[in-house]
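For the record, the sequence lines run as chains A and B.
Residue numbers for the first sequence follow the working numbering, beginning at 1 and rising by one.
Residue numbers for the second sequence follow the working numbering, beginning at 1 and rising by one.
Among the hints, a few may not be true.
What the hints assert, rightly or not - Cross-link-like lysine to aspartate or glutamate pairs, in silico, DMTMM-like; alpha carbons within 25 Å at most:
#  : chain 1 : residue 1 : chain 2 : residue 2
1  : A       : K392      : B       : E231
2  : B       : K347      : A       : D58
3  : A       : K119      : A       : E185
4  : B       : K8        : A       : D429
5  : A       : K70       : A       : D23
6  : B       : K242      : A       : D263
7  : B       : K242      : A       : E305
8  : B       : K242      : A       : E337
9  : B       : K85       : A       : D358
10 : A       : K372      : B       : E14
11 : A       : K19       : A       : D458
12 : B       : K242      : A       : D358
13 : A       : K392      : B       : E14
These are computed hints drawn from the structure, not numbers from a lab.
As a plain string of letters, each chain reads:
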Amino acid sequence: MNNKFLETRNVTKTFGKLKALDDVNFNLYQGKIHGLLGENGAGKSSLMNILSGIYQPDKGSIYLDGEKQKILNPDFASKLGIGMVHQEFRLVESFSIKDNLTLSKSNIYKNDFLKSFKKYSEIFALNVNENEIISNLSVGEKQKIEIMKLIFNDSRIMLLDEPTAVLTPQETSQLKNSLVTLAQEDMKTMVLITHKLKEIKEFTEIVSVMKNGKMVAQDLPTKDVTDNQLIELMMGTVKTSTVNKDNEVGKIKLNVENINYTDSVNNIKKLEDINFQVKAGEILGLAGVSGNGQVELANIISGIERIYEGKIIIDNTDVSSKGVRSRKKLNLSYIPENRLGVGLAPGVSVIDNSIVKDYFHTKLGPHLSRNKTSNYLESLIKQFSIKAPNPKAEISTLSGGNMQKLLMGRELVGDPDVIIASQPTRGLDVNAVDAIHNLLIDQRNKGSAIFLISEDLDELFKLSHRLLVIFEGKIVKSFNTVDADINDVGLAMAGVNE
Amino acid sequence: MNKYILTKRQVVNELSTFYSFLLGFLIALMIGSIILLIQDKNPFDTFSLMFKLSIGSVNSLSSSLNKATPLILAGLGIAIINTVKLWNIGAEGQIFMGAIAVNLIYINFQLTNSTSFIFVLLVSAFIGGAFCILIPAITKVLFGVNEIITTLLTNYIVIGLTIYLVNGPWKDPGSLNFPAAAYVGKEVYLPTIFGKLSYGFLICILFTVFAHYLKNSSVFGYEMRIAGGSEMTAIYAGINAKQKAFFAMLIGGGFAGLAGGVELLSQTHRVSTGISQGFGYTAIIVAAITGMRPIGIFLVGSLFGALSIGGSVIQTIGVSTYIADIIQASTLFGALVIQFFFNYKLKRADDG
Ligand SMILES: Nc1ncnc2c1ncn2[C@@H]1O[C@H](COP(=O)(O)OP(=O)(O)OP(=O)(O)O)[C@@H](O)[C@H]1O
Ligand SMILES: [Mg+2]
Numbered sequence: 001m002n003n004k005f006l007e008t009r010n011v012t013k014t015f016g017k018l019k020a021l022d023d024v025n026f027n028l029y030q031g032k033i034h035g036l037l038g039e040n041g042a043g044k045s046s047l048m049n050i051l052s053g054i055y056q057p058d059k060g061s062i063y064l065d066g067e068k069q070k071i072l073n074p075d076f077a078s079k080l081g082i083g084m085v086h087q088e089f090r091l092v093e094s095f096s097i098k099d100n101l102t103l104s105k106s107n108i109y110k111n112d113f114l115k116s117f118k119k120y121s122e123i124f125a126l127n128v129n130e131n132e133i134i135s136n137l138s139v140g141e142k143q144k145i146e147i148m149k150l151i152f153n154d155s156r157i158m159l160l161d162e163p164t165a166v167l168t169p170q171e172t173s174q175l176k177n178s179l180v181t182l183a184q185e186d187m188k189t190m191v192l193i194t195h196k197l198k199e200i201k202e203f204t205e206i207v208s209v210m211k212n213g214k215m216v217a218q219d220l221p222t223k224d225v226t227d228n229q230l231i232e233l234m235m236g237t238v239k240t241s242t243v244n245k246d247n248e249v250g251k252i253k254l255n256v257e258n259i260n261y262t263d264s265v266n267n268i269k270k271l272e273d274i275n276f277q278v279k280a281g282e283i284l285g286l287a288g289v290s291g292n293g294q295v296e297l298a299n300i301i302s303g304i305e306r307i308y309e310g311k312i313i314i315d316n317t318d319v320s321s322k323g324v325r326s327r328k329k330l331n332l333s334y335i336p337e338n339r340l341g342v343g344l345a346p347g348v349s350v351i352d353n354s355i356v357k358d359y360f361h362t363k364l365g366p367h368l369s370r371n372k373t374s375n376y377l378e379s380l381i382k383q384f385s386i387k388a389p390n391p392k393a394e395i396s397t398l399s400g401g402n403m404q405k406l407l408m409g410r411e412l413v414g415d416p417d418v419i420i421a422s423q424p425t426r427g428l429d430v431n432a433v434d435a436i437h438n439l440l441i442d443q444r445n446k447g448s449a450i451f452l453i454s455e456d457l458d459e460l461f462k463l464s465h466r467l468l469v470i471f472e473g474k475i476v477k478s479f480n481t482v483d484a485d486i487n488d489v490g491l492a493m494a495g496v497n498e
Numbered sequence: 001m002n003k004y005i006l007t008k009r010q011v012v013n014e015l016s017t018f019y020s021f022l023l024g025f026l027i028a029l030m031i032g033s034i035i036l037l038i039q040d041k042n043p044f045d046t047f048s049l050m051f052k053l054s055i056g057s058v059n060s061l062s063s064s065l066n067k068a069t070p071l072i073l074a075g076l077g078i079a080i081i082n083t084v085k086l087w088n089i090g091a092e093g094q095i096f097m098g099a100i101a102v103n104l105i106y107i108n109f110q111l112t113n114s115t116s117f118i119f120v121l122l123v124s125a126f127i128g129g130a131f132c133i134l135i136p137a138i139t140k141v142l143f144g145v146n147e148i149i150t151t152l153l154t155n156y157i158v159i160g161l162t163i164y165l166v167n168g169p170w171k172d173p174g175s176l177n178f179p180a181a182a183y184v185g186k187e188v189y190l191p192t193i194f195g196k197l198s199y200g201f202l203i204c205i206l207f208t209v210f211a212h213y214l215k216n217s218s219v220f221g222y223e224m225r226i227a228g229g230s231e232m233t234a235i236y237a238g239i240n241a242k243q244k245a246f247f248a249m250l251i252g253g254g255f256a257g258l259a260g261g262v263e264l265l266s267q268t269h270r271v272s273t274g275i276s277q278g279f280g281y282t283a284i285i286v287a288a289i290t291g292m293r294p295i296g297i298f299l300v301g302s303l304f305g306a307l308s309i310g311g312s313v314i315q316t317i318g319v320s321t322y323i324a325d326i327i328q329a330s331t332l333f334g335a336l337v338i339q340f341f342f343n344y345k346l347k348r349a350d351d352g
């Protein structure tokens with residue numbers, strides 16, 4: 001391999017107690033497309049943010065062309081020719097394409113804008129006028145402008161953080177051609193972050209893999225590695241702790257039939273022919289990289305999203321056309337992945353948040369007397385050992401773990417028949433994770449049917465009886481957890497089907 | 001690095017709003033004193049005179065409470081709307097609309113029983129205020145149009161409407177050149193409890209209790225709080241957040257409309273541009289100082305009523321009435337600054 005163009009040595013970055021990057025070495029070679037793989041939270045975006053000057057490393061150094069660099073802010077990075085496309089769009093929606101492309105002071109095509117815009121429009125197969133306002137563009141077009149922005153700012157190194165996540169398969173293969181052209185003709189050096197192995201295979205020459213903040217494999221030639229090897233690197237050795245799963249399983253409590261859902265805003269198909277059942281006393285896991293339709297599915301089952309095709313049957317009652325309330329009355333509980341913002345209302349007190357599920361039941365209403373609500377919170381605090389010293393304090397004053405315990409406790413207190421638990425342990429420390437797991441298992445033993453949505457394969461293997469894998473809105477595989485191989489699950493999550 | 005950052009305090013003293021008000025009021029008195037000193041007036045003498053003339057006798061006390069009534073009612077309306085985290089800047093217009101509604105019903109209907117007629121007129125005032133905020137409420141829930149702007153704009157429309165009415169169709173020929181509608185008949189005057197104190201103040205007490213209950217102990221109030229905290233949480237909980245916002249706005253507008261009705265039936269007795277002397281704006285100050293608490297609004301509103309009366313009588317010793325306005329506004333300013341330090345603390349950036 002030729003010389004290292006950009007190199008990071010021993011980069012470490014911590015956020016509070018969390019080591020997002022742990023002694024990371026990473027190399028880039030000129031004119032090549034590099035793949036960067038890793039589970040959610042592995043540290044990929046953090047590493048890119050350090051290269052583009054948005055985060056400062058706690059330790060370690062960055063070399064460009066063998067020279068040590070201190071990248072203090074995005075401005076420094078762009079002077080060095082490093083640019084990044086973020087996971088979320090960073091365009092000024094109300095500005096025109098031209099204004100967005102020429103906004104930065106490092107922009108080089110101010111004078112012959114039109115000529116270059118034509119040239120790159122061709123490379124990107126972009127068919128819009130330069131005066132079009134960004135908010136009128138489709139998601140795919142916006143993504144092209146994001147990448148073009150880097151070129152207009154004279155970036156030699158282009159860091160692309162999951163650019164394909166929002167694209168259709170056609171747009172993705174189109175993007176592939178554009179990027180390959182850029183690498184070959186303009187000698188652009190690129191990093192492509194993606195969760196899809198197919199794209200790693202098709203786009204990149206070299207691939208690196210991260211896991212839990214560490215670089216676990218560096219500079220692998222893409223054509224020589226197999227999917228299985230990559231998945232093994234990404235997943236690592238899983239502890240596969242497990243709990244007793246011989247509990248009694250009863251009759252079907254939740255029946256999801258032929259769910260199809262199209263996002264009405266972008267007109268993108270988000271869920272296709274989803275079918276499954278969960279029985280009393282059973283935990284059914286749903287594995288998948290985030291953004292493959294999990295949130296939409298949970299919202300449909302819980303009644304938040306009302307416009308979809310298919311049937312939701314809870315305890316033999318068809319609730320497809322019913323709202324949140326009637327599903328709650330059938331004793332369905334939903335623990336949403338967005339803890340603060342959906343499950344709990346920010347800016348509102350602990351006590352108000354504690355009664356969200358039950359406030360309309362007669363035992364608390366019609367007057368929400370102080371006594372009744374305080375007693376209710378008291379009993380939650382005792383039963384679920386929540387640390388919430390001041391009931392009138394704003395909810396966000398609780399620690400993440402205690403917020404989650406309050407949310408779980410609130411949703412579990414009436415022994416629900418069906419529980420949808422979405423990422424219930426994300427961002428929690430080990431003790432809190434154990435506590436939450438025990439709560440779910442207790443509830444399972446009491447006969448609840450639990451649908452567990454998680455990105456954490458450890459958790460899914462530990463808790464669930466069966467596992468489904470969702471990829472691009474489809475259930476692509478199902479496993480019995482006892483005899484499932486974690487790498488097979490990983491492959492399915494990355495969109496590989498043998 | 002020795003940077004300081006502001007961090008939100010975990011636990012905020014429950015009486016913090018009260019303390020900030022007191023400190024804010026002290027600061028305001030100090031500012032007022034400075035201004036008086038610059039004018040070569042003795043602050044102590046001036047303030048004690050204001051005190052004496054605003055609450056020193058039954059008569060002056062009742063004037064103060066009468067003055068406080070529209071402030072309190074409009075302030076309560078603002079507080080109810082703020083439960084869903086929306087701002088009503090349109091109380092001034094709603095006050096006028098309440099008064100217009102009263103006159104409209106008065107000149108078109110007659111009821112022989114004056115108690116029931118007064119009741120009907122007060123209900124019309126409430127509906128008038130609610131009607132006034134209807135368009136801001138609809139545009140808010142349907143299109144997300146900023147209610148601060150729309151409620152502010154309705155003020156100008158309604159005041160324009162008032163000017164048109166009192167110069168045109170409703171102009172009382174007997175009022176000579178002063179543009180005003182005809183007086184309403186004595187039979188619909190709100191009676192007095194004692195001295196000059198109007199029954200309006202009793203209505204004000206009732207509505208304070210009602211607003212307190214609605215905001216703090218009713219299911220509707222709870223749903224408004226959740227909807228105000230996060231629309232997504234409301235949807236998740238099966239609460240129709242938009243509906244709550246809509247009704248909160250109508251009820252709050254109704255409170256301000258009622259303020260206008262009470263003012264007409266107890267004080268001015270006719271529609272003119274003098275129905276409100278900026279009550280709708282001062283009510284925002286009152287509501288904000290108290291952290292939108294109904295009981296607090298009642299107390300601070302009463303104080304501000306007294307300040308206005310005190311301010312208007314010290315003209316006799318050559319002090320501008322604006323000293324009362326300055327004290328009211330500085331109290332809000334001081335209280336907000338102090339409240340900030342109750343809510344936040346300065347922390348060294350590097351100690352975690
Ligand atoms: N600004 C921040 N403050 C606190 N924690 C952060 C911050 N940025 C990232 N983290 C944490 O650092 C870890 C790594 O995050 P990062 O975004 O780099 O992961 P990722 O590999 O890009 O994941 P994904 O595939 O989900 O995008 C996560 O646990 C994340 O919560
Ligand atoms: Mg990322």
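Structure-based check of all given hints:
A distance of roughly 21 Å separates the Cα atoms of K392 (chain A) and E231 (chain B); the hinted pair therefore holds under the 25 Å criterion. About 21 Å separates the Cα atoms of K347 (chain B) and D58 (chain A), which keeps this hinted pair within 25 Å; it holds. Between the alpha carbons of K119 (chain A) and E185 (chain A) the distance comes to roughly 12 Å, so the proposed pair stays at or under 25 Å and holds. Proximity of K8 (chain B) to D429 (chain A) is assessed by CA-CA distance (about 23 Å); at most 25 Å being required, the pair is judged to hold.
The straight-line distance between the Cα atoms of K70 (chain A) and D23 (chain A) is roughly 17 Å, inside the 25 Å bound, and the hint therefore holds. With a C-alpha separation of about 22 Å, the suggested pairing of K242 (chain B) with D263 (chain A) holds against the 25 Å cut-off. A hinted pair counts as satisfied when its Cα atoms are at most 25 Å apart, and K242 (chain B) with E305 (chain A) qualifies at roughly 16 Å. The straight-line distance between the Cα atoms of K242 (chain B) and E337 (chain A) is roughly 23 Å, inside the 25 Å bound, and the hint therefore holds.
Between the alpha carbons of K85 (chain B) and D358 (chain A) the distance comes to roughly 23 Å, so the proposed pair stays at or under 25 Å and holds. As the CA atoms of K372 (chain A) and E14 (chain B) are separated by approximately 21 Å, the hinted pair is consistent with the 25 Å bound. As the CA atoms of K19 (chain A) and D458 (chain A) are separated by approximately 19 Å, the hinted pair is consistent with the 25 Å bound. At most 25 Å may separate the alpha-carbon atoms for a hinted pair to count; K242 (chain B) and D358 (chain A) meet this at roughly 21 Å.
Under the criterion of a C-alpha separation no larger than 25 Å, the hint pairing K392 (chain A) with E14 (chain B) is consistent with the structure, at around 9 Å.
Taken one by one, the earlier hints all hold for this structure without exception.
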